[in-house]
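Q: Chain by chain, the residues run as shown.
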Amino acid sequence: MDLLFLSRLQFALTIAFHYIFPPLSIGLGLILAVMEGIYLKTKNPVYQQMARFWVKIFGLIFAIGVASGIVMEFQFGANWSAYSRYVGDVFGSALASEGIFAFFLESGFLSILLFGWNKVGPKMHFFATIMVALGAHFSAIWIIVANSWQQTPAGHHIVGEGLKARAEIVDFWQMVFNPSTVDRLSHTIMGAWQAGAFLVLSVSAFYLLKKKHAEFARASIKIALVIAVFASLMQLVTGHSSAVTLADTQPAKLAAFEAHYSESAPAAMYLFGWVDEKNEKVLSGPKIAGLLSFLVRWDTDKPLTGLRTFPPDKRPPVNFVFQTYHGMVAIGMILILITLVGLFSWWRESLFDKKWFLRILVLSVLGPQIANQLGWFSAEVGRQPYVVYNHLLTAEGLSKTVSMSEVVISLILFGIIYLFLFALFIYMLNEKISHGPSSEDLIIEGHRV
Amino acid sequence: MSLDLNAIWFGLIGALFAGYAILDGFDFGVGSLHLFTRTDEERRIMINSIGPVWDGNEVWLVTGGGALFAAFPMVYATAFSGFYMAMILLLFALIFRAVAIEFRSKKPSQSWRQLWDISFSVSSILSGLLIGVALGNIARGIPLDTQYEYAGGFFRLLNPYALIIGITTVALFMMHGAIYLVIKTEGELHDKIREWVNNAIIFFVICYVTTTMATLLYVPHMTETMKSYPVLFVLPILNMLAIANIPREIHHRKDWRAFLSSCASILALLTLFGIGMYPYMIYSLPIPENSLTIYNSASSPKTLKIMLIIALIGMPMVLTYTIAVYRIFRGKVKLEPTSY
Chain A
1 MDLLFLSRLQ FALTIAFHYI FPPLSIGLGL ILAVMEGIYL KTKNPVYQQM ARFWVKIFGL
61 IFAIGVASGI VMEFQFGANW SAYSRYVGDV FGSALASEGI FAFFLESGFL SILLFGWNKV
121 GPKMHFFATI MVALGAHFSA IWIIVANSWQ QTPAGHHIVG EGLKARAEIV DFWQMVFNPS
181 TVDRLSHTIM GAWQAGAFLV LSVSAFYLLK KKHAEFARAS IKIALVIAVF ASLMQLVTGH
241 SSAVTLADTQ PAKLAAFEAH YSESAPAAMY LFGWVDEKNE KVLSGPKIAG LLSFLVRWDT
301 DKPLTGLRTF PPDKRPPVNF VFQTYHGMVA IGMILILITL VGLFSWWRES LFDKKWFLRI
361 LVLSVLGPQI ANQLGWFSAE VGRQPYVVYN HLLTAEGLSK TVSMSEVVIS LILFGIIYLF
421 LFALFIYMLN EKISHGPSSE DLIIEGHRV
Chain B
1001 MSLDLNAIWF GLIGALFAGY AILDGFDFGV GSLHLFTRTD EERRIMINSI GPVWDGNEVW
1061 LVTGGGALFA AFPMVYATAF SGFYMAMILL LFALIFRAVA IEFRSKKPSQ SWRQLWDISF
1121 SVSSILSGLL IGVALGNIAR GIPLDTQYEY AGGFFRLLNP YALIIGITTV ALFMMHGAIY
1181 LVIKTEGELH DKIREWVNNA IIFFVICYVT TTMATLLYVP HMTETMKSYP VLFVLPILNM
1241 LAIANIPREI HHRKDWRAFL SSCASILALL TLFGIGMYPY MIYSLPIPEN SLTIYNSASS
1301 PKTLKIMLII ALIGMPMVLT YTIAVYRIFR GKVKLEPTSY
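Order-wise, the sequence lines are chains A and B.
Counting along the first sequence from 1, when you hit position 287 you're at 287 in the numbering used here, and nothing is skipped either side.
Adding 1000 to a residue's 1-based position in the second sequence gives its number in the numbering used here.
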């Protein structure tokens, strides 16, 4: 256990915990906008009831998202001050833009969403919902811009040498649209839509199984299922596109995903496996030869850059990202299957009758959550040993004034507090779900102004 | 004082943190006063007075932090790594405040609510105190090495001067929060809080006078710009007038004017702080040569220019919907089913 490892562990813990919430606000934000939009169009009060119920869940998710998010804003400076000095000129502007363009929008209109039902008219409330959803998406845009620049730096130059070296912006738009921004943004947003949609599917399926709030649950499932099908299928497109970009921009990461060592051979794809990093081979995994080459280059015989091209100390931890990446892909495929079965049953008009399928839907909420986390672990650990790819090693980014004991203390405290917060979140979520949509919300047609 | 991009950003960062102090300041004030109320209904009114706005107010801190990162990365890096434990404590306080607001009224249990009431109040007081202590240390000066890294420990930050500024900040927020509550409440609670305002003003004025004396005696470099430009003395005078105006307006039941005076006072105090610091961002003591200034800590002119454009596009929008939200939620707090 060294300072570097503990600092990385703390960052991983705080960001992974935080990342439970933003995808839910992004996905649920979209769904809320759809629900209120349908209500305005049809005036069917069940959609109003739906929006009111999900806004309460949204508020809970948002609160913990904010509480855990503020940590992220300052942790760069606290634990990674050398990194902050190096990237501030570039990374800082994306982060500040997130505050100005996204957070203000989101939190400003959120108050109308949560407390404005009787203070503004239904159209204004709908507008506020759209603004909150937009704000959530904007925040994804800027944070992905910042993170993508770390993966595929562009639009900058390096000024100074040694300890004084730092990146400065040369071309802002080139920095914003660096080679991986669009792929990673679309992949992340779709993951967030999945998170929101499967939450709604899960809770609604639970009500159907319990034979409660049937009308509410059926209408909710239909909305969420449409979004879930779209987002899950889109992950094939965005995931594929991300892999193609990876092959060009971060070949070590892509090679590690499939444990592709050989420098000049076509790359295979494994269904699963275990990588023996010492002997540079995959133990016992069913594979399809040439599939990775085919998917990336449309040719099973085209060689892809292998891990042996890189000295061992410049390779990411291969087995770790192999597992996280394959876990993500496997879950992604299962989610596609679930949504297609759902779509098929909907067409056959048996969607709400199959108990086994509803049970699967109840559990499915975990799918996007785990896949989103695994995806981020693959992306971030796959970039190692660099914090800014090919520019700055993670070890070089550490704060010099923060001691081992300080990080140990803060790490333990974060661990305890986040465990407590998580328990509290699950407890409150459970309360709200058991309470269910309020029947009073069904009676109120239109809003008092 | 020439006006260049660095100076403009010094001002803009100051404006963001002033916005934060004015807006989240009354949130902290309400939290600090929270335990002085007794009944559950009163406490719910306290929390719901800031219910729709506290979250947006906190965004000023997040954006201020982001802007500091972008415009003066060296300051961002030095301050937050140097003040590591204090900073982690502040984050925990902010987390507990947010969670307490969200969860307190979600269950009827008395002990549940009592627990979150304490958490809300303690975290609000602690946040104000820590922010003040940080400002106090930056004003007084902290030891920086030639790499501009903090070369002291955690306990060095708890010096008497910084603690005085910390307590002054708590007092200022209490006064500010009490005036805000006068506007937002009615009936018995309103009358009670109206009396608190006077006590809070007395508490604040004692702290303010102590701070001023301590600064004149122990932190002479904060007064140098003032000496070179005596016209700036108009600021402390305006500040005094603003503070003196508060009890007057409260007495005449012009509560809004009292609140604006309190805002003006916070703005004046931070402007005085900015003038005292300029052109330093973090003053190095005992070796001033190692200080971080707006020049040796800044991003490239190109980035400062890009950020200026972003601020010019973004901030008018932010102000527009911030004002809109405050207008929608104006008036006395009424407890509703959707309230906290």
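It should be emphasised that the hints constitute simulated quantities derived from the structure, not laboratory data.
From a predicted model like this one, the values you see are computed outputs, not experimental measurements.
Please note: incorrect hints may appear among the correct ones.
[Stated by the list, open to error] To give a feel for the contact side, a few chain B residues facing chain A, derived at Cβ under 10 Å:
#1 Val1209
#2 Thr1210
#3 Ala1324
#4 Pro1337
[Claimed, not checked] Restraint-style ranges between C-beta atoms, simulated for each label pair:
#5 B/Ile1309 - A/Asn319: 43 to 53 Å
#6 A/Asp2 - B/Tyr1295: 32 to 42 Å
#7 B/Ala1324 - A/Val182: 46 to 56 Å
#8 A/Met333 - B/Leu1115: 53 to 63 Å
#9 A/Leu9 - B/Ile1309: 30 to 40 Å
#10 B/Gln1110 - A/Ile426: 17 to 27 Å
#11 A/Leu163 - B/Lys1254: 24 to 34 Å
#12 A/Asp2 - B/Met1240: 51 to 61 Å
The C-beta atom is built at its ideal place from N, Cα and C for all residues, glycine as well.
Q: If a hint holds in the structure, say so; if it does not, say that too.
A: Each hint, compared with the structure:
1. Of the supplied interface hints, the one on B/Val1209 is violated, with its beta-carbon coming no nearer than about 33 Å to a beta-carbon of chain A, more than 10 Å.
2. Taken as an interface hint, B/Thr1210 does not check out: its beta carbon lies about 30 Å from the nearest beta carbon of chain A, beyond 10 Å.
3. Using the Cβ-Cβ criterion of 10 Å, the hint placing B/Ala1324 at the interface with chain A is satisfied: the shortest such distance is roughly 8 Å.
4. Checking B/Pro1337 against chain A by beta carbon gives a least distance of about 8 Å; that is within 10 Å, so the hint holds.
5. Taking the beta carbon of each, B/Ile1309 and A/Asn319 are about 46 Å apart, inside 43 to 53 Å as hinted.
6. Range check, A/Asp2 to B/Tyr1295: about 36 Å between beta-carbon atoms, so the 32 to 42 Å window is met.
7. Between B/Ala1324 and A/Val182 the Cβ separation comes to about 33 Å, which falls outside the hinted range of 46 to 56 Å.
8. Between A/Met333 and B/Leu1115 the beta carbons are some 45 Å apart, a value that contradicts the proposed interval 53 to 63 Å.
9. For the pair A/Leu9 and B/Ile1309, the beta carbons lie near 38 Å from each other, so the given range of 30 to 40 Å is met.
10. A C-beta distance of roughly 23 Å is found between B/Gln1110 and A/Ile426, which places it inside the suggested range of 17 to 27 Å.
11. Hint check: A/Leu163 to B/Lys1254, Cβ distance near 57 Å, so the stated range 24 to 34 Å is violated.
12. In this structure the supplied range 51 to 61 Å holds for A/Asp2 paired with B/Met1240, their Cβ-Cβ distance being about 54 Å.
In terms of the numbered hints stated before, the structure departs from hints 1, 2, 7, 8 and 11, listed from lowest to highest.
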